[in-house]
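Read off the chains here:
Protein chains: 2
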Amino acid sequence: METTVSNKQVILRDYVKGFPKESDLMIVIASDTVELKVKPGSGAVLVKNLYLSCDPYMGILMREPSPSTLALMDSFVPGKPIAGTGVSKVIDSDDLAFAKGDFVWGMVDWEEYSTVNPAGVFKIDVNINVPLSNYTGILGMTGLTAYAGFFEICSPKKGETVFVSAASGAVGQLVGQFAKLMGCYVVGSAGSKQKADLLLNKLGFDDAFNYKEEPDLDSALKRCFPKGIDIYFENVGGEMLDAVLLNMKTYGRISVCGMISQYFLETRDRLQNLPDIIFKRIKMEGFACYDFMDKFPKFLEFVLPYIKEGKLIYVEDIVEGLENGPRALVGLFNGQNIGKQVIQVARE
Amino acid sequence: METTVSNKQVILRDYVKGFPKESDLMIVIASDTVELKVKPGSGAVLVKNLYLSCDPYMGILMREPSPSTLALMDSFVPGKPIAGTGVSKVIDSDDLAFAKGDFVWGMVDWEEYSTVNPAGVFKIDVNINVPLSNYTGILGMTGLTAYAGFFEICSPKKGETVFVSAASGAVGQLVGQFAKLMGCYVVGSAGSKQKADLLLNKLGFDDAFNYKEEPDLDSALKRCFPKGIDIYFENVGGEMLDAVLLNMKTYGRISVCGMISQYFLETRDRLQNLPDIIFKRIKMEGFACYDFMDKFPKFLEFVLPYIKEGKLIYVEDIVEGLENGPRALVGLFNGQNIGKQVIQVARE
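So the sequences go chain by chain: A and B. First residue of the first sequence? That's 1 in UniProt numbering, and the numbers climb one at a time after it. First residue of the second sequence? That's 1 in UniProt numbering, and the numbers climb one at a time after it.
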């Protein structure tokens with residue numbers, strides 16, 4: 001039986017300027033092979049990575065860090081593997097909390113095998129009957145993001161109107177479904193007819209539109225929300241935010257999860273409607289899921305019964321092979337994905 | 001003894017486009033004279049206006065209303081007097097709550113004599129030994145604005161860093177003093193050396209700068225806040241807000257009271273740093289003082305002892321004569337005023 005294996009990795013070539021490209025990343029075989037045993041006394045946990053999560057914030061971490069982005073997270077390091085959340089199988093462990101054969105999720109480098117920090121991974125309960133890939137999404141940080149951003153930041157009430165941009169994405173599809181479960185009226189925008197159809201026909205949104213086909217976003221929002229928007233779950237920024245501000249109701253709340261349309265622009269969209277924040281006494285609040293880790297048990301308590309009853313569904317876009325990771329990640333910034341973008345690195 | 005008098009008024013000529021000008025307002029003598037007695041049974045309260053408040057929001061109300069501005073307040077009506085808060089003396093009253101000779105403050109039209117809605121004015125306690133003009137400012141809506149916007153929206157803590165723009169203005173000077181009373185480190189910006197000196201030498205700010213003399217606002221803020229800003233009290237918007245976002249700390253709070261630099265621009269300033277709201281999990285919240293009327297007693301309880309002890313001072317810029325009202329009000333939008341702009345319509 002082999003005791004060492006090679007380790008394929010996805011490396012950041014150099015800090016990205018402008019829009020991330022596939023060529024900003026490269027696939028390498030690490031010069032060090034991986035020994036499939038951990039040293040006794042090391043406290044280490046060695047895992048084989050099965051699924052990797054592609055998330056918009058990773059595009060920010062591909063860029064040169066600034067004091068602003070460092071407030072969120074350290075950038076990736078040129079010449080080193082990029083990282084994100086993933087689902088992995090324990091190959092060997094010197095930590096009592098993990099045993100060979102356990103499945104875990106947490107932060108891992110983009111590679112086939114990782115030695116992980118035991119404090120940074122969570123054991124997966126295999127009695128919960130969901131695909132393992134779900135721990136990159138609905139049952140992982142993505143789910144917590146949707147939960148905290150909607151419930152904690154927006155304090156939704158039954159009957160309120162909710163708009164979600166990038167609504168078929170990893171987070172958006174959950175926010176829309178959470179809002180429906182709360183008895184809200186929910187509209188989503190997405191970047192293709194296929195995605196808008198998904199929102200309407202599969203995810204239970206009350207209405208949806210393809211923003212690329214709307215000559216005027218303000219008109220689209222007025223059509224969907226003749227009486228205005230109580231809650232906006234912000235994933236995109238720029239001209240969509242500007243149009244939303246015009247259509248917010250008094251005391252509206254904006255949960256700022258992302259501004260993916262703006263991150264890579266040298267000159268960002270001009271907003272004409274920021275004074276609406278005063279006129280309508282709008283609260284706009286940025287958040288990051290890791291500030292809400294203490295809410296994780298409460299989140300699971302909320303979400304698991306709905307998953308078991310089939311009342312929450314989750315659309316994933318799974319690409320097979322670590323070598324296809326760069327294309328999948330960069331595709332996220334162009335809206336190529338339909339649902340949560342996941343990379344399957346290995347079968348168990 | 002005369003029983004009717006003429007009534008000078010300040011009339012909005014037509015909805016203002018672009019920047020308000022003195023010529024957008026005109027002084028007229030109302031065609032109806034004012035009878036100095038109210039009709040028994042009418043429930044009316046007739047007042048003689050002594051002081052009128054000039055406030056930035058009045059510039060918004062001079063423009064054609066939009067669904068956005070209507071969420072704040074109705075616009076002024078072309079051909080009719082403009083309105084705002086004022087201090088008045090009761091001439092005659094058919095309301096039991098008010099007697100001839102009482103002093104009141106509340107909403108009045110810009111004119112010499114007004115018949116006011118008794119529900120919209122508050123009796124002034126003359127035992128509180130402050131100038132009557134203060135009820136347009138520190139003891140009126142302006143004071144409540146500073147109080148609610150700082151304490152209710154920003155939840156300040158001792159030792160936090162606070163930045164106030166338009167800091168020598170009606171609201172800003174109070175926010176800065178409130179912040180010092182809370183044990184915060186406070187810096188203000190203003191539009192002249194004289195105003196910056198006022199902040200430093202009279203109002204007790206820890207530091208101050210004249211934004212017009214700063215080649216780069218980001219550098220100015222970095223100089224004043226090497227470790228960043230916890231709380232920004234926003235009065236101006238535009239490029240100042242953009243620079244502030246770069247200098248906010250994680251979990252920073254922005255109380256959005258006004259964006260006076262932006263209201264009258266056809267093309268508003270482009271902001272490059274809105275994604276900092278996410279990176280730093282910033283809360284940005286618009287507010288209007290009238291949403292906090294229930295806090296008025298608590299506000300007085302807080303502010304009156306400090307006024308009595310001389311620990312809060314209030315700088316007013318009083319212009320005499322209603323006929324000088326248009327110049328004073330328009331001057332506000334150019335930063336002509338030093339401190340709270342008030343018009344003295346009459347001596348008692």
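Keep in mind that a hint or two might mislead.
The list treats identical chains as interchangeable, and a pair is accepted whether it falls inside one copy or across any two copies.
[Unchecked claim] Here are the simulated lysine-lysine pairs, DSS-like style, with alpha carbons at most 30 Å apart:
hint: 1; residue 1: Lys222; residue 2: Lys17
hint: 2; residue 1: Lys283; residue 2: Lys17
hint: 3; residue 1: Lys17; residue 2: Lys249
hint: 4; residue 1: Lys17; residue 2: Lys123
hint: 5; residue 1: Lys298; residue 2: Lys8
hint: 6; residue 1: Lys157; residue 2: Lys180
hint: 7; residue 1: Lys17; residue 2: Lys227
hint: 8; residue 1: Lys227; residue 2: Lys158
hint: 9; residue 1: Lys157; residue 2: Lys123
hint: 10; residue 1: Lys48; residue 2: Lys100
hint: 11; residue 1: Lys80; residue 2: Lys249
Note that these hints are calculated values from the structure, not bench results. This one's a predicted model, so the numbers in the text were calculated from it and none came from an experiment.
Status of each hint after checking the structure:
1. Lys222 to Lys17: The answer is between: 25 Å across copies meets 30 Å, while 37 Å in one copy does not.
2. Lys283 to Lys17: Between copies, since 29 Å is at most 30 Å while 32 Å is not.
3. Lys17 to Lys249: between (38 Å within a copy, 25 Å between copies)
4. Lys17 to Lys123: neither (37 Å within a copy, 63 Å between copies)
5. Lys298 to Lys8: The answer is neither: 37 Å in one copy and 64 Å across copies each exceed 30 Å.
6. Lys157 to Lys180: The answer is within: 11 Å in one copy meets 30 Å, while 38 Å across copies does not.
7. Lys17 to Lys227: Between. Shortest inter-copy distance 27 Å satisfies the 30 Å Cα cut-off; intra-copy 41 Å does not.
8. Lys227 to Lys158: within (16 Å within a copy, 42 Å between copies)
9. Lys157 to Lys123: Neither, since 34 Å and 39 Å both go past 30 Å.
10. Lys48 to Lys100: within (11 Å within a copy, 86 Å between copies)
11. Lys80 to Lys249: between (47 Å within a copy, 29 Å between copies)
The structure fails hints 4, 5 and 9 (numbered hints given earlier, in ascending order).
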